[in-house]
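K.L.:
Sequence:
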Amino acid sequence: MTRNVRRHVIRAASASLLAAALGLTGGVAAAAGASAQPQAVLAAEPTPPPGEGEPEPPPPGESEPEAPPPGESEPEAPPPGESEPEAPPPGESEPEAPPPGESEPEAPPPGEGEPEAPPPGEDGGAPPAEGGAPAPQTPDEIRTRIEAGLASSDLSAEEKATVQKSLETVLGILGDPNASPFEKDLASAVGAGLDQVLKLSMDPATSAEDKARYDRLVVGVSEAMAKFTDPDVPADQRDGTHAVLADLNVTLANLAASNLSPADKAYYSLWADQILGGLLAVQQPTTTPKQHADRQRVQEKLKRNAGALKTYQNPDASQADRDAAKKTLDEQAGATNHPAHQELVAELKRLKAPQACLDVVQNRTQQAGWPDGSLWGLSDTTCADTVGAGAQDSGSDWSALFQCVIDNPFSTCASRVPED
Numbered sequence: 001m002t003r004n005v006r007r008h009v010i011r012a013a014s015a016s017l018l019a020a021a022l023g024l025t026g027g028v029a030a031a032a033g034a035s036a037q038p039q040a041v042l043a044a045e046p047t048p049p050p051g052e053g054e055p056e057p058p059p060p061g062e063s064e065p066e067a068p069p070p071g072e073s074e075p076e077a078p079p080p081g082e083s084e085p086e087a088p089p090p091g092e093s094e095p096e097a098p099p100p101g102e103s104e105p106e107a108p109p110p111g112e113g114e115p116e117a118p119p120p121g122e123d124g125g126a127p128p129a130e131g132g133a134p135a136p137q138t139p140d141e142i143r144t145r146i147e148a149g150l151a152s153s154d155l156s157a158e159e160k161a162t163v164q165k166s167l168e169t170v171l172g173i174l175g176d177p178n179a180s181p182f183e184k185d186l187a188s189a190v191g192a193g194l195d196q197v198l199k200l201s202m203d204p205a206t207s208a209e210d211k212a213r214y215d216r217l218v219v220g221v222s223e224a225m226a227k228f229t230d231p232d233v234p235a236d237q238r239d240g241t242h243a244v245l246a247d248l249n250v251t252l253a254n255l256a257a258s259n260l261s262p263a264d265k266a267y268y269s270l271w272a273d274q275i276l277g278g279l280l281a282v283q284q285p286t287t288t289p290k291q292h293a294d295r296q297r298v299q300e301k302l303k304r305n306a307g308a309l310k311t312y313q314n315p316d317a318s319q320a321d322r323d324a325a326k327k328t329l330d331e332q333a334g335a336t337n338h339p340a341h342q343e344l345v346a347e348l349k350r351l352k353a354p355q356a357c358l359d360v361v362q363n364r365t366q367q368a369g370w371p372d373g374s375l376w377g378l379s380d381t382t383c384a385d386t387v388g389a390g391a392q393d394s395g396s397d398w399s400a401l402f403q404c405v406i407d408n409p410f411s412t413c414a415s416r417v418p419e420d
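With my numbering, letter number 187 in the sequence shown gets 187, and the count goes up by one each step, no holes.
You may find that some hints are simply not true.
Below, a list of computed lysine-lysine pairs in the DSS-like style, where the Cα atoms sit at most 25 Å apart [unchecked claim]:
hint	residue 1	residue 2
1	Lys-165	Lys-211
2	Lys-301	Lys-290
3	Lys-227	Lys-327
4	Lys-290	Lys-227
What follows is a list of derived Cβ distance ranges for each label pair [said to hold, decoys possible]:
hint	residue 1	residue 2	range
5	Ala-151	Asp-323	14 to 24 Å
6	Gln-291	Ser-258	38 to 48 Å
7	Ala-320	Gln-355	20 to 30 Å
8	Glu-300	Ala-340	15 to 25 Å
9	Asp-323	Lys-211	27 to 37 Å
10	Gly-175	Glu-343	52 to 62 Å
11	Asp-359	Ser-207	34 to 44 Å
12	Gly-388	Ser-318	24 to 34 Å
13	Ala-324	Ala-263	32 to 42 Å
14	Asn-259	Ala-356	37 to 47 Å
15	Thr-144	Pro-354	40 to 50 Å
Simulated from the structure, these hints should not be mistaken for lab results.
Virtual Cβ for every residue (Gly too), placed ideally from N, Cα, C.
Given the sequences, and given the hints that come with them, work out the whole structure.
P.N.:
Following this line, the structure appears as structure tokens:
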């Protein structure tokens with residue numbers, strides 16, 4: 001790809017990419033006019049999870065605390081950076097003073113007493129990342145770290161070649177004296193993401209399941225970067241790719257934050273894996289939606305989910321924003337348990353759908369939710385015979401939906417889902 005073509009492609013979304021890479025919570029649309037220090041999200045000031053380091057009411061007998069710190073009356077949303085209580089008067093050091101939680105000797109775990117980093121969909125959730133690890137500072141450092149990681153990884157020769165190609169793209173941008181600061185910030189963010197996930201993959205403490213997930217993320221980010229810089233990719237796919245990829249780069253870098261437990265890492269990496277899987281599926285010739293309206297709808301869902309993941313782990317996000325992001329993630333996590341989705345699967349099984357069709361419907365639902373992901377799955381070639389048979393079954397409540405998927409963009413067919 002020529003220098004001019006590459007710069008044209010990347011500049012089309014440079015402002016939103018930079019904003020996402022900096023960890024802003026205002027969304028891609030609002031990010032274009034924002035300004036911040038480069039890589040701010042990768043070096044943000046540590047902020048305790050909600051409920052940690054928060055001053056509690058004074059011990060019995062202390063009726064007039066001096067200068068209680070701001071936020072003491074709002075324990076669910078401590079101000080960023082406030083990690084030490086200031087309320088107790090000077091000299092008061094009684095060991096019996098109740099710590100945060102009042103009934104436990106130590107600060108409560110994230111979620112106010114709930115298990116740390118529960119599976120998506122349960123209350124509580126993992127704490128926001130401390131800020132992540134700094135990105136490699138020079139092209140030489142990026143090359144050395146990533147190539148060393150690739151050499152030690154279990155990736156196949158083909159997968160390593162994919163990552164190496166993405167690395168060369170990153171280094172080409174960083175080494176181009178005519179590349180804009182926006183272009184270089186994007187390239188540096190991708191390099192940081194690849195570096196951090198390779199480290200996580202090779203960590204001896206990483207389980208086999210998580211290692212496989214990290215390996216998929218390394219390859220997936222490389223493939224997404226290739227799509228983003230490919231001028232032959234349709235503009236709507238490229239635009240959707242850049243927004244999701246930028247938010248995922250923030251997540252990948254923050255996965256290396258020092259205050260994340262192994263369970264927390266698994267929580268965020270699971271979400272990153274699901275979102276990236278959907279992004280790649282949109283781009284593959286055999287699975288990408290054929291209609292523009294369908295591609296746009298799926299990209300909107302993937303962008304929403306990636307943005308919610310970024311906000312939920314952002315220590316500077318307000319509690320209200322984190323709660324809204326958690327709601328989005330919970331809805332997505334429960335997509336395959338939606339009663340209507342389960343009824344659709346039962347109907348597919350009645351029609352003797354092949355396992356490949358059932359699998360793709362489940363995968364797409366996990367990636368893009370109900371009903372969008374499920375209808376996307378129905379449009380897959382593995383479901384073509386089953387959908388055709390269902391459309392011909394006039395006695396089935398689902399026949400109108402199947403016929404709609406055959407005749408129209410699947411994103412227009414949600415109204416044909418049978419009512420209870």
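K.L.:
Take the hints in turn and mark each one as holding or not.
P.N.:
For each hint, the structure was consulted:
| no. | hint | result |
| --- | --- | --- |
| 1 | Lys-165 / Lys-211 | 22 Å, holds |
| 2 | Lys-301 / Lys-290 | 17 Å, holds |
| 3 | Lys-227 / Lys-327 | 30 Å, violated |
| 4 | Lys-290 / Lys-227 | 17 Å, holds |
| 5 | Ala-151 / Asp-323: 14 to 24 Å | 43 Å, violated |
| 6 | Gln-291 / Ser-258: 38 to 48 Å | 45 Å, holds |
| 7 | Ala-320 / Gln-355: 20 to 30 Å | 43 Å, violated |
| 8 | Glu-300 / Ala-340: 15 to 25 Å | 20 Å, holds |
| 9 | Asp-323 / Lys-211: 27 to 37 Å | 32 Å, holds |
| 10 | Gly-175 / Glu-343: 52 to 62 Å | 55 Å, holds |
| 11 | Asp-359 / Ser-207: 34 to 44 Å | 23 Å, violated |
| 12 | Gly-388 / Ser-318: 24 to 34 Å | 49 Å, violated |
| 13 | Ala-324 / Ala-263: 32 to 42 Å | 23 Å, violated |
| 14 | Asn-259 / Ala-356: 37 to 47 Å | 42 Å, holds |
| 15 | Thr-144 / Pro-354: 40 to 50 Å | 47 Å, holds |
Going through the hint list in order, the structure does not satisfy hints 3, 5, 7, 11, 12 and 13.
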